[in-house]
Each structure stands twice: as C-alpha cells, then as structure tokens.
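Enquirer: Start from the sequences, fold in the hints, and give me the full structure.
As they're listed, the protein sequences go chains A and B. Just so you know, the numbering used here puts 28 at position 28 of the first sequence, and the rest follows in order with no gaps. Just so you know, the numbering used here puts 1096 at position 96 of the second sequence, and the rest follows in order with no gaps.
What the hints contain is simulated information worked out from the structure, not anything from laboratory work. Hints should not be assumed to be uniformly reliable.
[Unchecked claim] Facing chain A, according to a computed beta carbon distance under 10 Å, are these residues of chain B, among others: (1) L1309; (2) A1321; (3) I1475; (4) Q1558; (5) L1647; (6) A1660; (7) T1661; (8) L1663.
Backbone N, C-alpha and C fix where the C-beta goes; we use that ideal spot for every residue, glycine too.
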Amino acid sequence: MLDEMAEARAADREMVAFRVAGQDFCIDIMSVREIRGWTETTILPHAQRYVKGVINLRGSVVPVVDLSERLGLGAIDPGPRHVIIITVIGAQTVGLLADVVSDILTVNDDDLQPVPDIASESARAYISGVVVAQQKMIRKIDLGKVLPADGRDLT
Amino acid sequence: MSLMITDDFRDSFFQECEDLLEAMNDGFRLMAENQHEIETVHAVFRAVHSIKGGAGAFGLDALVAFAHHFETGLDKLRAGKLDLDDTVLGLFQRCGDHLADLVGSARDEVDMDAASSAQLHGELDAIIGTVVQDDPDDAPDFQPAGLDLDLLFAPAPGGRYRILFEPWAELFRSGNDPAMLLRNLGRLGTLSARLNTDHVPPLSELECTRPHLQWELILETDETAETIADTFEFVDGLCRLEIAESATGETVRPGGCNSMPDAPTGEADATGPDTVTHGEQTQPIARTNDSKRASAATIRVDLERVDKLINLVGELVIKEAMLSQSISKIALPSENEVSVGLDSLKQLAGEIQEGVMAIRAQPVKPMFQRMSRIVREAAVATGKRVRLMTQGEHTEVDKTVLERLVDPLTHMIRNAVDHGLEDPQTRSAAGKPEEGTVILSAAHRSGRVMIDISDDGGGINRAKVRKLAEDKGLISPDADLGPAEIDNLLFLPGFSSKDEVSALSGRGVGLDVARSEVQALGGRVSITSNPGEGTTFSISLPLTLAVLEGMVIEVAGQTMVVPITAVQETLQPRTAEIHAIGQDGRVVTNRDRLVPIVDLGAIFGFRPPPETLDNHVLLLVETDNGRHCALIVDGIQDQRQVVIKSLESNYGHVNGVAAATILGDGRIALIIDPDGIIRDATGPIGGDFQLHAAR
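Expert: Encoded structure:
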C-alpha cells in the first residue's frame, strides 16, 4: 500500500505549456511530436469552423485545429507569430494552433487539481484538470476530446 | 527468444503454403484444360505433401490428417491407378479448396468444422477404393520413405558409392541447397541418406548461422565417381566431400525423421562434438520437397518498407519540383549547368518512382485462382455447369488494388454464373453447349488495367430489367432509355434482376456496391451485352494508387486537382451556349446535349456562385456512370502527375474530395471527386439521365 503511494507520488509528467487567447494550457509532452511556425493551410470544404485546413507535414496531410475557436474563445487570425503544435492521438496526427509555446513543466499527478466548478461548461468539456505553477493556473487539455478519435467528427 | 523463432518459422511456413497452394491450383487448372503431363500430377502431389510435412512440424493435426488423405488420393492418380475424369478432378479441386481453408484456419488459429473434412474424406475414400492401411507409406504420421525412387528409377546394378557430404556455412550463404544436390544425386541411381547430427550442439550453444549437419550417403549407380562429383560442381570448395566406392552393402535402416522438411537441410552444424546424442536419422531423398525454393529468385519484403520507400520517392519528386520552381525564378542563362543537372535529376527521380511502384505490382494470377474457386462454388449452388477460362493472368496490378478488387470481382463472377448463364436445359435448347463458359481476362491498355468478366449466357433481358426498375420506382415509366442505359440500370442501388432472391448473389448487396468499390480504386465499370450471346463486365483500373494524372485548376483562390480521366473537354463560357433554368440553375449546350453547370467554389462553400461566367472556364467532366456536368473553375494552371495522399488517415472523408496531393510549392491541394460533386449537386440519380439518353 505504502509502496503504491510512493510510486504514484513519483509519477512526474512533463507538460508542454502554451497560451491560447490569453489563457494558459498544457498537454502531455508524450503526445507532442513537434512545434512549427504557422504555414498557410489548404482550406477544407464543409469543415467545422475550428478546422483551419490542412498542411503538409513531410508528406502527410495534417489538419490544423484552432484551439481558441474550439474552446469557445474566439477564432485566431493566424500570422507568422503563431505556432502549430503537432500532436499524435492514437493513429491520428493533428496540429493545434496556439499563440505561443511558453514552457515545459514538470507536473506531479498529485499537483493536478480538478477543474473548478466555476469554469464554463464548454471549456470544462475539454479540460481534464488544472495545475498551479509560477503563480499561473494552467489548464490541462484532454486531447481525446479536442481531437475526436474518429476523424469524421472533425468534419 | 525461442518463441520468436518459432513464430518466424510459422510465418514462413504459411507464406510457403500460399505458394504451394498456388502451385497446386496451377496444376489443377492444367488438368482441367487437359494440358497436364505426369509432371503436373507430381507437382500437385509435392505441393500437398510439402504442406503436410510443414503442418506436421507445427502440430497442426487436422491439416496433416486431411492433407495426408488428399495426398493418398493424389498418389493413386500419380501411380496411374485412377482415371482423371471430371468427377475426380472436381473432388480434388474441392479438396484443394478445403486444404486452403484448413491452412487459413490454422494460420488464424480458428477451428474449422470437422464435418466438411469428414465428408471429403468419405468421398476420397470412395474414389480411392479401400485404402491400403498396411502400407507404411500410408501411416497417418509423416514418414517420408524412399519408395518412390525405386519406382521411378529402377535400381541399377552398377557400383555402390559411399559419399560423405558436409556443407559449410559458405554453401548456404551462396544460396545452395543441400536438398537440391541430394535430389540431383538421387537421379543417378538409388540413394540412401543418413543424416549425422552428432555435431549439433545443445540449443543454448547453437549458432544458427553455422551448419552442423553431415550426410552419409550410399548411392547405387552405374555412373562413375566423376559424374557423382559433377553433381557437387557448384559447391566445390564450399563443403567437405568424400566419395568412395564401397564394396559391401551397408544396410541403411529407415527411421523416423523430424517431420519438418527444412530442418535437416537448413541451418545447423558445429564445433563441439558429442554434445547431443541424437539417434541416427535417416532421410531418404525421394520426397524431400522444396523444389519451389530454388527456382524462384524472389525475396519477401514487408509491405510497410515498400510503402515507406514509395512515400520517400514521392517526397523526392515533390522536392525536385520545388527546386525547379525556385531555380526558374532566378534568371539563369539557358543551357546552364544547373538546369541541365536538374533535368537529369528529374528524369532519374521519375525512373526511381516507376521502379519503386513496380515493386508493388503483383500478377493477377493468385486472384484469378481464387475466382476459379468462386466459380466452382457458384456452379454447385446454382446447379449449372460452368467452366472458367482465364487470360492474361501475368498482368501486374498494384497490390492494394488487387486486394481491394477481390470483393467486387467475386460479386461479378457470382453474378455471371447466377444471372448471366442460363440453366443447362435453356442452353441446350438454344443450341449451346450445356456447360457455360465464364472468361476472366486481364490486360494492360493505355496506362490502365482492364479486367473483363464475360459469360456466354443469354445476355441482359432488357425488357425485364426495365420493368423491374419501373416496378421498384427507379425510373419513370415514360423514360426514354437506350439499350446501354437499360444495361446501366443494373448498377442502380436497390436493383436485383433475379425474380426471387437467390442464395448466391441476392444477398442484398447489388452490383452498385461492387461498382462503388471499383470506383473507390479510381476504376470504372462498364457493361456490354448482346442478346443470346452473353454479357461482359469491363473493369478499368489505374495501374497504381500512388500517382494520378491530373489537371491543376484554381477555384476561389484554392488550387485543386481534377483527375484527367474525368475531364472531357474545356469550354470558354463566352462562346458556349448557356441557358438559365429556374432561379439559379444553368445548363450549357454541348454537342446537342444539355449539361448542368456546377460551380466548384459554391459546392465547396468557398463563395457564392458567380454572376457571370465570362472570367471563368467550364470543365466538362464525365463520371463512370455516364453522368455529365460542367464545373465552373477560375483557371487552369497545369496538367501533371500528382502523388496521391490520403486525407482520411488524419482527418476524414470530405464529400466531393477524393484525396489530397502536394504541389511543387509544398502546399496541399485537394483532388476532387467528380462523381461525388455531381451527386452533391444533382442528387443520387440525377436529372441528366433523361437528357443524355437522347444521345
């Protein structure tokens, strides 16, 4: 029992922290493949508003999701300063459009707090917990919900 | 570790089974066409025997038991004790099918119901007559014995040689196979072999790349020692070889050999003597059975590696195009070294791409063989007599195309047997042979693969088809349809021309599904039928799924690609006759035909339809089902080969979009799917049916 607790305590994760629409978010570094600057996307017909289009990632066609729009924080008008965080969820590769990548954090599972009740429903749907670090509240994004496992849901 | 090795062996066994089954079916086909020789029977026998041997090594008892029985039947045929008539051949073919099923179920580790085995067992028994159980060769466990040699090569009363043969590692490394050598040796006379495994170390010390085996051979022959040595000419210096004339006949006693056929000839041998005391193992030569191996100079490569290579080459071609584009922006003098170098680079990249694509190309033969089984089963189910003839089975098609073609082709073959061919009475009444013929042919034609399925049946009963379509509400009773249009009704969803739903092809899956499967591969299906003479379904397929010839166009600021196969012509709206229909419908007159105009930008939601078409171009496209439309595009940039990239893997399907590609500037362009666009614009059956029926 004690051992198990000690093990759980030791479960430190590294998180990539980034800003979207003035708020701080993070995702597990293990699901991040790379971070690239904004490149013009090819627009997809009949796509959801938060799908900015597709980009060429070394020969693969990768959709880019505007996180701000997805979280209900208004659409980003992307420019050269924006970044695309390339993430891998299951078999899918998807880019997340963010304002800036701010930090790499080491977060212990114990430090992860449940989402406060006051958060709006739409935001809570995509956030699996919050971490307080460097006097900031950083929201941990549930990638599985932001990027549905079935590609059809994106369309 | 050892488990992994077993898995590897297992995999290679099943891969080999596929080759062996192919060889077996080849033989049956030759027999069916009455072109077989005694060697054909031997080849079939060997194939079944090899499967049995391998199966024994993996403890696949059901497979061994059936293969053994099957083999016994074949042995009777081989020995000339059985006449090869249609009944016998039919039974053997069904046994072959069943053997393939057993191999499949053993591979997937699922249980087969034993009933079908038992039934075929019974039928085999009936054909063979009473099975001679006391013949040691017929004992159910695998015990190869040198009996056949004595039958085939009468023992010569000449000399008797003792040969010691010990292959070194170099022999295997240079691709030689002791089994081949020993078999060749066997042709010289009567050969008995004794495998000496004394030098095989314990498993823990076994180095798998070092051979550990030694054969002691006794050859009775009237050839000279030189001729014997000649057999080993190619492995001179790669083995230890001692040939000595032996005066007294040393009896070589037959004994159980490990049933895995490859083990003795494969890898093993060693330095540490006497570490394992195996019993002496005698391996008679006659039935060692991996002749396949030596003949085919092929390698098996993981498909993933090939695909990775194809992707990389695709990248190379794109990078090359990007480089050309940026260099063309620099004003270099003509005939400069950079451009010349770039040109040859382009050519090289193109050649590499072609070469890599060729790796994925596979002959259609195995698929055709699968179809011969479908025909047999369909014939039994419908009570018709059917012969399948195949043509052009060496035609090569991309592996993925081939795999995805199996379902639609199966459907069409069943359809040909079930609906195409008449029953025997009708046939003989029409003066045709009772046995119907289905011809399956493949050929390359102008950069595409054509696969035809023809039957010599009664042709399409157009009046009946038409009536059925009317009854089902698929067409209006006053529609004016030509013969070709009526034939095409067969492809409409929800159409089945058989009055009653038959067990065979009436499974709720119509020809429309088969056709959409072919279309998903970038293919087309067409149909021609002559009353009383038969029906032909023609499938036209692209050679590869990796590249496509496309027209690069611009719509609402987006670059897109239209498959060139769909484009019929381009029209200047200024000169073309355009008519407005209703509030926002427009049609253009083209060759006495009214073609609906569809704005690509509007259908994709990029912009409202343009007020005037003067600054646009009309692209007249035709889909596989003969539907037409004119697409409004803003401009045509280029016509070129593009690499096809999947949109589905990371995103999903988009209506009206077939796939994506990467252009010279590294940006992604969507490849449009004209059929999807017409469906979106005009509904599933479409209003232009009536119009182009007048053609």
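Enquirer: Could you work out which earlier hints the structure fails to respect and list their numbers in ascending sequence?
Expert: Those not satisfied are hints 1, 2 and 3.
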